[in-house]
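Read off the chains here:
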Amino acid sequence: MSVRDAILKRLRERADGALVAPESDFAVVTNRGWSRGERLERFERLLTSVHGEVVHASRDGWTTALAKVLVDKGVRRLTLGRKHPVAVEAREALVGGEVELVDADRDIETWQRELFETVEAGLTSTRGAIAETGSLWLWPTPDEPRLVSLVVPLHIAVLDAEAVEDTLFDVIERHGWATGMPTNALLISGPSKTADIEQTLAYGVHGPRELVVLVRHAEETI
Amino acid sequence: MNVQTFTPREFHRQAHEALASPQIRANFRKAMDGLMIKRRDVFGDWDLEALRELGANIRLRALAKLPDLLEQLEANCEANGIRVHWAEDGEQACRVIRELCEARNARSVIKGKSMVSEEMHLNAHLEAAGIEALESDLGEYLVQLNEQTPSHIIMPAIHLNTDEISGILHDKTGLERTRDVDIMTAAARAQLRERFMAADVGVSGVNFAVAETGTLCLVENEGNGRMTTTVPPVHIAVTGIEKVVEQLRDVPPLYALLTRSATGQHVTTYFNMISSPRQEEEHDGPKEVHLVLVDNGRSRIYQDNELLDTLRCIRCGACMNHCPVYTRVGGHTYGTTYPGPIGSILSPHLMGLEETQDLPTASSLCGACGEVCPVKIPIPDLLVRLRKESVGEGRGNVPGAGVKRTRKEVAAWKGFQWLATHPAAWRSGVAVAGKLRALMPTRLGPWTDYRTAPRPAGTSLHALVKQHQAKKPAREESQ
Amino acid sequence: MTPVKLYPTKPDKVYFYGTCLVDMFFPEAGLDGIRLLEREGIEVLFPEDQTCCGQPAYTSGYHDEARAVAAAQLDLFPKPWPIVVPSGSCGGMMRTHYPSLFAGTEHEARAEELAGRVFELTEFLVHVCHLKLEDRGHLEKVAMHTSCSARREMGLAETGPALLAKLGQVELVEQARAAECCGFGGTFAVRHPEVSAAMVEDKACAIEAAGTARFVTSDCGCLMNIAGRLEHQQKTVKGEHIASYLWRRTS
Numbered sequence: 001m002s003v004r005d006a007i008l009k010r011l012r013e014r015a016d017g018a019l020v021a022p023e024s025d026f027a028v029v030t031n032r033g034w035s036r037g038e039r040l041e042r043f044e045r046l047l048t049s050v051h052g053e054v055v056h057a058s059r060d061g062w063t064t065a066l067a068k069v070l071v072d073k074g075v076r077r078l079t080l081g082r083k084h085p086v087a088v089e090a091r092e093a094l095v096g097g098e099v100e101l102v103d104a105d106r107d108i109e110t111w112q113r114e115l116f117e118t119v120e121a122g123l124t125s126t127r128g129a130i131a132e133t134g135s136l137w138l139w140p141t142p143d144e145p146r147l148v149s150l151v152v153p154l155h156i157a158v159l160d161a162e163a164v165e166d167t168l169f170d171v172i173e174r175h176g177w178a179t180g181m182p183t184n185a186l187l188i189s190g191p192s193k194t195a196d197i198e199q200t201l202a203y204g205v206h207g208p209r210e211l212v213v214l215v216r217h218a219e220e221t222i
Numbered sequence: 001m002n003v004q005t006f007t008p009r010e011f012h013r014q015a016h017e018a019l020a021s022p023q024i025r026a027n028f029r030k031a032m033d034g035l036m037i038k039r040r041d042v043f044g045d046w047d048l049e050a051l052r053e054l055g056a057n058i059r060l061r062a063l064a065k066l067p068d069l070l071e072q073l074e075a076n077c078e079a080n081g082i083r084v085h086w087a088e089d090g091e092q093a094c095r096v097i098r099e100l101c102e103a104r105n106a107r108s109v110i111k112g113k114s115m116v117s118e119e120m121h122l123n124a125h126l127e128a129a130g131i132e133a134l135e136s137d138l139g140e141y142l143v144q145l146n147e148q149t150p151s152h153i154i155m156p157a158i159h160l161n162t163d164e165i166s167g168i169l170h171d172k173t174g175l176e177r178t179r180d181v182d183i184m185t186a187a188a189r190a191q192l193r194e195r196f197m198a199a200d201v202g203v204s205g206v207n208f209a210v211a212e213t214g215t216l217c218l219v220e221n222e223g224n225g226r227m228t229t230t231v232p233p234v235h236i237a238v239t240g241i242e243k244v245v246e247q248l249r250d251v252p253p254l255y256a257l258l259t260r261s262a263t264g265q266h267v268t269t270y271f272n273m274i275s276s277p278r279q280e281e282e283h284d285g286p287k288e289v290h291l292v293l294v295d296n297g298r299s300r301i302y303q304d305n306e307l308l309d310t311l312r313c314i315r316c317g318a319c320m321n322h323c324p325v326y327t328r329v330g331g332h333t334y335g336t337t338y339p340g341p342i343g344s345i346l347s348p349h350l351m352g353l354e355e356t357q358d359l360p361t362a363s364s365l366c367g368a369c370g371e372v373c374p375v376k377i378p379i380p381d382l383l384v385r386l387r388k389e390s391v392g393e394g395r396g397n398v399p400g401a402g403v404k405r406t407r408k409e410v411a412a413w414k415g416f417q418w419l420a421t422h423p424a425a426w427r428s429g430v431a432v433a434g435k436l437r438a439l440m441p442t443r444l445g446p447w448t449d450y451r452t453a454p455r456p457a458g459t460s461l462h463a464l465v466k467q468h469q470a471k472k473p474a475r476e477e478s479q
Numbered sequence: 001m002t003p004v005k006l007y008p009t010k011p012d013k014v015y016f017y018g019t020c021l022v023d024m025f026f027p028e029a030g031l032d033g034i035r036l037l038e039r040e041g042i043e044v045l046f047p048e049d050q051t052c053c054g055q056p057a058y059t060s061g062y063h064d065e066a067r068a069v070a071a072a073q074l075d076l077f078p079k080p081w082p083i084v085v086p087s088g089s090c091g092g093m094m095r096t097h098y099p100s101l102f103a104g105t106e107h108e109a110r111a112e113e114l115a116g117r118v119f120e121l122t123e124f125l126v127h128v129c130h131l132k133l134e135d136r137g138h139l140e141k142v143a144m145h146t147s148c149s150a151r152r153e154m155g156l157a158e159t160g161p162a163l164l165a166k167l168g169q170v171e172l173v174e175q176a177r178a179a180e181c182c183g184f185g186g187t188f189a190v191r192h193p194e195v196s197a198a199m200v201e202d203k204a205c206a207i208e209a210a211g212t213a214r215f216v217t218s219d220c221g222c223l224m225n226i227a228g229r230l231e232h233q234q235k236t237v238k239g240e241h242i243a244s245y246l247w248r249r250t251s
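Going down the list, the sequences are from chains A, B and C.
Read left to right, the first sequence gives residues 1 to 222 (full-length UniProt numbering).
Read left to right, the second sequence gives residues 1 to 479 (full-length UniProt numbering).
Read left to right, the third sequence gives residues 1 to 251 (full-length UniProt numbering).
FYI, nobody ran anything at the bench for these hints, they're computed from the structure.
Be aware that a few hints might be false.
Claimed, not checked - Straight-line C-alpha distance at most 27 Å; calculated DSS-like pairs for lysine-lysine:
#, chain 1, residue 1, chain 2, residue 2
1, B, Lys471, C, Lys132
2, C, Lys166, C, Lys141
3, B, Lys435, C, Lys238
Source: prediction; values computed, not measured.
With the sequences and hints as input, model every part of the structure.
Okay, structure coming up:
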């Protein structure tokens, strides 16, 4: 008998008999009932409490805010995709400027050291965010690969204000994650951090030292 | 390698040494105090009992359906392109991983944090085969540099303070001594980046394996877990068979419980869900993903209705953070991969009661562990169950059952039983003890090394009640 | 968590289960508990054949012996009166562990029934007697150590402090890590004396640092441990069972 079959057999022929599975009540992780304003406020409060930065911008003028972030952070090399509307708009706004735009949609084997050592920031879109925990959710794509949000010292993520939902449970349920998971689904809640040296927080231990979330608002009032 | 070794057999000696070290006492006390406060605060706005109830319930449901869920997990992983391997024990799991490495001519393995890999001594196994295994979690990296094992399942280097860590980085990597944590962290980042780029294989653990979708979930703050599972061309995830959950919707409550219970965080920086290797059109991520499912005694624990609860554990470490014994003696004293209360109920199954007989008794049964457990494992009851197994009065479902049964101790408890079931003899005994109180020894072994000896009272409660009742007007007998 | 208990109205009679530690080492505490109950107009029945609840054998893993001892106690309370126990540890044993100890045996139903009418003394005084106290003592600060069994097994973190709060002249002082175990744990103190000693040392220091010359506890195991440590260190802080403290100040 294979190892697999031997293990499964032992589990199936359980000495104390079959177990009864209890029903689960998920009420405690859903139905927060927050308003749009409360969601956004909570998202920002929690994200900033773990060292994330939030910059508000209008839907039309967000690339101006992006350019300012890049100047403020002294970024000279930015990696980003080419197809996602966020990347397209960013490229339109930044092309010909001070910041060198580095294509992210390349096989990593061809530019690993370049990415690890010379790129200062990565720009990605996001699928949405979670108010309860101050988390972004990303499903990396060929256009915006996984390492763009990980290897660079600064990760800039673009989020639409109306894409903030209450809880992780709500996101998983409403967007039908169970019917089609991507290669890699990510929640990101702040920059990389560690407290392994005597409980003292330090940022950027492996991933980005800084996370800036550009929140785009449909209204012109921001 | 001059590895500092600890063994559960030497619990008493190791406890003695830890208690005598002001450094260890202070490091743990400070850390545990902080963690307890953070946990309490972060659950402030939750209905914690409802959440714990749900967490326990999800884990119980997963265990109730365990064989089916493992088959479903396997089928969905394979359909997604993740190769699934099974291992009876740690040795077999090590061999599976080593053979995967050798078949790919891998010389260098980078590791994300995995307690199962510690349990099966993967690093030593790979190194014996000439394959370098390097830990990338900062705490694990420091502990490995210092030729130690983790002293806590979540915070492996919690036994070390800043100065000690500075000394390790200085001695082992040449970093100039500093008390600046940012400098030390940046140095480790730079050292490990090279190793990530050079690694042939990444080995990680798994926090939750979702049967419904064939998804492996990893919880972390540093990003080394993402690096380990994204940068090298091959990713091997290794996990105990009990880590499976039925559905994706089961994950949010467990994740909420895990981060809050472990470190008092609302959420970790990264929640990394892996469902397949790199697809044709994708540009990064490993081209191969493997999942190694390890039994190592778990299917034996599974047989027994009471012991089964041990397998609910989601490895948050809250039980150790709140344990007054762990706080005093630290993690290494236990001499096991999993220290503290969860270790004391799990290790006997992994290593046998002969080796671990001092662990189930290393608890005052104060109940703090059970009170904070996010999945409501009745840890104190399980400690008592293992004591029962140790003295041969259990069901014999734990390896080494009966190892502590000695004629002398059995005789003592039989004597106690006889006395306590013969009330007249009991009363006389108590009365005699009271009369002889002046003759009672003032030294009672270890008790009186630290405390004065208790003195039997001159008159027992039985006798006092008699006198008390004699003073009152007679009442109708009402019993 | 201990499920919310529905408390009966004050009965005419109760059984008093003194516990072996009280019987041998702290009989006055037992008698003071009885007096407090009698003052509330309750007739207190003290079954003479009571010995020990069996907990020492139970926590040591000797369940056959524990069961035999516990079975002898099951016969002592034939009438449906509440059983009052001046100890969270023995009360917890009877309320929480008797049912599982006797599960599947001929005594199962009796153990369940008995468990349902076991009350820890402070719990009974607060929730059933709704005790009112007239404090006759002088102004004083006191610290309280609630045993882990009372606190966690029986869910009674509040009843001891609630009784002290009824004493007008007494101020309950805060101590560091009040919920932490004192290190007694029955045979734990014998099997792991050094770890137990480290725990009781911290507890004794915390009580002393709270700035009081007196502490009370609702469990004689903790009392023996903490007071024994303080005495060993020749400290002036004195401990006593909460029943004695309440009786002394109000009689």
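Hints, one by one, checked against the model:
1. Lys471(B) - Lys132(C): Answer holds: lysine 471(B) to lysine 132(C) is near 25 Å, not above 27 Å.
2. Lys166(C) - Lys141(C): Judged against 27 Å, a Cα distance of about 14 Å means the pair holds.
3. Lys435(B) - Lys238(C): 25 Å, holds
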